[in-house]
Amino acid sequence: MSRSTPEWIAKRDDDAIPPRVKVRVFERHGGRCHISGRLIRAGEAWQCDHIIALVNGGEHRETNLAPALTAPHKAKTAEDVAEKSKVYRKRSNHLGIKKPRTIRAWRRFDGTIVHAPRER
670 MSRSTPEWIA KRDDDAIPPR VKVRVFERHG GRCHISGRLI RAGEAWQCDH IIALVNGGEH
730 RETNLAPALT APHKAKTAED VAEKSKVYRK RSNHLGIKKP RTIRAWRRFD GTIVHAPRER
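Numbering (my numbering), first residue to last: 670 to 789.
Honestly, the hints are just simulated from the structure, not real lab data.
Hints may contain errors.
Mimicking DSS-like on lysine-lysine, the simulated pairs with C-alpha atoms at most 30 angstroms apart in a straight line are [stated by the list, open to error]: (1) 743 to 680; (2) 680 to 755; (3) 767 to 745.
Label-pair ranges, simulated between beta-carbon atoms [to be verified]: (4) 744 to 688: 19 to 29 angstroms; (5) 723 to 693: 11 to 21 angstroms; (6) 685 to 711: 20 to 30 angstroms; (7) 721 to 685: 14 to 24 angstroms; (8) 699 to 766: 39 to 49 angstroms; (9) 762 to 689: 44 to 54 angstroms; (10) 692 to 753: 23 to 33 angstroms; (11) 782 to 727: 46 to 56 angstroms.
The beta carbon of each residue, even a glycine, is placed where N, CA and C say it ideally should be.
Take these sequences, add in the hints, and give me the full structure.
What follows is the structure, encoded as structure tokens:
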């Protein structure tokens, strides 16, 4: 009869992952990088990666973690941030939210100065 261990769930998104949880995540995935699929060798640098990134609505819990080698993890993180900004930009356009103007005065070709409000 084996005991089951309750799933680790962080209280905050910036909580550190305990070493015991890192070991369980590593063993659950068989020591393979979930991004490249390569076996992680002894002494090789690896990190716990969120399968669904926190910025894209993922949770900071054990079932959302997987081992990842450092180089592929950096590339995946950059892709996650790019996806988040693309979704935010499209949602803003859909809702009609625009950035405030940065240039508020300019000259026309005839030399007259035009002043514009900060909002568009």
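Consistency of the hints with the structure:
1. 743 to 680: 25 angstroms, holds
2. 680 to 755: 28 angstroms, holds
3. 767 to 745: Holds, because 29 angstroms separates the two Cα atoms, which is no more than 30 angstroms.
4. 744 to 688: 19 to 29 angstroms: 25 angstroms Cβ-Cβ, so the 19 to 29 angstroms window holds.
5. 723 to 693: 11 to 21 angstroms: 20 angstroms, holds
6. 685 to 711: 20 to 30 angstroms: 23 angstroms, holds
7. 721 to 685: 14 to 24 angstroms: 19 angstroms, holds
8. 699 to 766: 39 to 49 angstroms: 45 angstroms, holds
9. 762 to 689: 44 to 54 angstroms: 45 angstroms, holds
10. 692 to 753: 23 to 33 angstroms: At 30 angstroms between Cβs, range holds.
11. 782 to 727: 46 to 56 angstroms: About 50 angstroms separates the Cβ atoms of residue 782 and residue 727, which means 46 to 56 angstroms holds.
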